[in-house]
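Given the structure of chain A, go ahead and fit chain B onto it with the hints provided.
Read top to bottom, the protein sequences are chains A and B.
Counting in our numbering, the first sequence runs from 1 upward without gaps.
Counting in our numbering, the second sequence runs from 1 upward without gaps.
Hint data in this document are derived by calculation from the structure and do not stem from the laboratory.
Hints may contain errors.
List time: in silico DSSO-like cross-link candidates among lysine-lysine, alpha-carbon distance up to 27 Å [to be verified]:
1. Lys278/A / Lys217/B
2. Lys278/A / Lys263/A
3. Lys400/A / Lys278/A
4. Lys400/A / Lys387/A
5. Lys217/B / Lys142/B
6. Lys171/B / Lys263/A
7. Lys278/A / Lys171/B
8. Lys171/B / Lys387/A
9. Lys217/B / Lys171/B
10. Lys387/A / Lys263/A
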Amino acid sequence: MRTPVAHGSLRRRLLMSLLASAALLAVVVYFVVQSVARQVAQDSQDNVLTASALSILDSARLSNGEISIDLPYSALSMLDSLSDERVFYAIRLERVFLSGYADLPSAAAGRDAPNTPAYLSTPFLGEEVRLATVRRRVSTDQGQRFLEVSVAQTLSGQKQALARISRSAMAIGAGFFLLSVILAGIIARSAIRPLDRLTASVSRRGPKDLRPVAAPVPSEMVPLVSSLNSFMRRLKQSLLRSEDFIAEAAHRVRTPLAVVRTKAEVVERTSTDPETRKAVRDMIRAIDDSSRTAGQLLDHAMVTFRLDQLTGEEINLHRLVADTVERMRPTTELKDITLTATGKTALGKAALDTAFGNATDTDAAFIMGDPILVQNALHNLLDNAVKYAPAGADVDVTLKRMSLDNGQYARVSVSDTGPGFGDADLGLLPKRFARGANTQAIVGSGLGLTIAKEVVEAHGGRLQIANSQGGGACVSLLFPLSC
Amino acid sequence: MRFLLVEDNTELAAAVVERLMLDGHVVDHAPDIQTASDFTATTSYDLILLDIMLPDGDGRTFLSRHRQQTGSTPVIVLTARSEVTDRVTLLDLGADDYMVKPVDFSELEARCRAVMRRRGGVAQNLLRLGDLRFDSLSGTLKLPDQDIQLRPRELRLFEVLAQTPGHVFSKSTLVERLFSYDEDVTDNAIEVYIARLRRHLEGSSVRITTLRGLGYKLEVT
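Pulled out of the complex, with its shape left as it was, chain A reads as follows (with noise of 0.2 Å):
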């Protein structure tokens, strides 16, 4: 049965959810990282327009009222220096053009601020140049005068600059989602570690065991555990009373139809008159008929119950199937069928040794499984055998290993020399209460098969079931081989 999954992967959405955070912050840091990098290439500009139009401004020699300036080589060269700037500079006194750019704009235009340089970013001259303006106060002859400088340089080199700082952006904003991920699958995966854990240790038991889970688990995870620890003990405990329960039903049938079977029995040996007798084997038959078929309703439950818990052992399956054939022998010898083991065997027993000729050891099978629910298996084809086949009748049981689809089995097969199961569908004989043609006059419940399909697929095997060539029926229980 597979486990529907719900939102899919615990460890990927803790994940996902690490890396969408760690990708938007990776792209704010890029942000924040160009803006920074913007201001401060910004403000460097600034400075250094600012120094320039200074030294301009310091170099103004005010003499009998006329304005003097000697543009000094250093005021343009610190511009110069920066990279392949173009330069552009205006002196104006009190609005009146002196030198220079006419056309460029002052940025302390509409201001009254007399010392501090004032700035603006503008297109000039089909390009964008930033503009810094200082002004300084001077006595002329007309009086107290405003002398304005105005240095404007061309944005190409900072775009550079911002551009390569734009790209150590990047890249640092790629690397910071880079060790983000790794981060992220380190914490992901040890925030799901004991959940991780606690699968193992309840994966890694038995079938049976149903202990609760002692491992200490993270605070979040105790009510889970302890709802799992107390949804195993009411599975012990009704694992436990079904047992009980199909044992108590057994010996609830079985008690009172043993009573009547018996006392009829006894009516049928005492009495003399022919028409008791053959009503009371009627009432026989009938008996047995409704004892068999809670037997195997009941040994089909228990064998149900015990393929939920299916615990691997290996089993000698020639000494099972000699047991087993022994077993039925007195069933055998009561209808004169002639029951035969064939099949070499590696078997103690002497008496068992006649039942299956010489064996040899280096010919044994062994299987993985429950003896039991094999041992039911084949209890109930030999019984088959035994109900359907007529008295006199032969039924032999062998036991062979074979390749089949590149694995080797062992096959028990059984066959009898009676009518076979006649034109019904083979496929559908092993399903429940389903009967084979021919069988009208017969006591059985249709279960036998159903046990033995059931347990030999449990063990990984197959059913086989065949009309012999010479009539008859023959069944096999394939079992892959443990060794």
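Only chain B this time, still in chain A's reference frame:
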């Protein structure tokens, strides 16, 4: 044969005792483990029929105690529980066989004899009658000049007759002991098997004679 029946259900016990006595067996009934232990301490039985669910404990307890005290009496367990679960422990504890209730008494007899044969060993399983030897373990009649392998029902019939040579068995008694209730047979069905046995016994000093209206008996001449 002398049986000990350990069974707590009195109604069932009474019926089983009555049924076994019809076959000429002597049966003691113990309703619990304590009584059963008392009986086995004083009396020697040919076979113990043991129920599993008993008022003063589990029949398996009695079984293992009985085996520890070197009690060698064969034990056939009668269980009403699921065959699937009980089987292995029962045989491990030393039960010779087990049957699930309700019991077919012809089958019980067949199982008893199977147990006896298994336990008897080669010497005890070899019966001498006149110039004939009979190996019940392998089911062979050893005549002076040849060995004959008997079919199961011929074997049973011969065993029944040879147990008490000279004793007359009615047709119906023989049918009871040879056929299970699965088959709808008349008393005359036994004639087929009598005829077959007679054919096998030709040339030996053993023969089966018919007493009209009474039945058959085995005679050694």
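Verification of the supplied hints:
At roughly 26 Å between alpha-carbon atoms, Lys278/A and Lys217/B fall within 27 Å of each other, so this suggested pair holds. For the hint pairing Lys278/A with Lys263/A, the CA-to-CA distance comes to about 15 Å; that is within 27 Å, so the pair holds. For the suggested pair Lys400/A and Lys278/A, the alpha carbons sit about 44 Å apart, so the restraint of at most 27 Å is broken. At most 27 Å may separate the alpha-carbon atoms for a hinted pair to count; Lys400/A and Lys387/A meet this at roughly 24 Å.
As the CA atoms of Lys217/B and Lys142/B are separated by approximately 20 Å, the hinted pair is consistent with the 27 Å bound. With a C-alpha separation of about 21 Å, the suggested pairing of Lys171/B with Lys263/A holds against the 27 Å cut-off. Note on Lys278/A and Lys171/B: the hinted pairing holds, with a Cα-Cα distance of about 15 Å set against a maximum of 27 Å. For a cut-off of 27 Å, the pair hint linking Lys171/B to Lys387/A stands: about 25 Å separates their Cα positions.
Of the supplied pair hints, the one linking Lys217/B and Lys171/B holds, its CA atoms being roughly 11 Å apart against a limit of 27 Å. This hinted pair checks out: Lys387/A and Lys263/A have alpha carbons roughly 24 Å apart, not beyond 27 Å.
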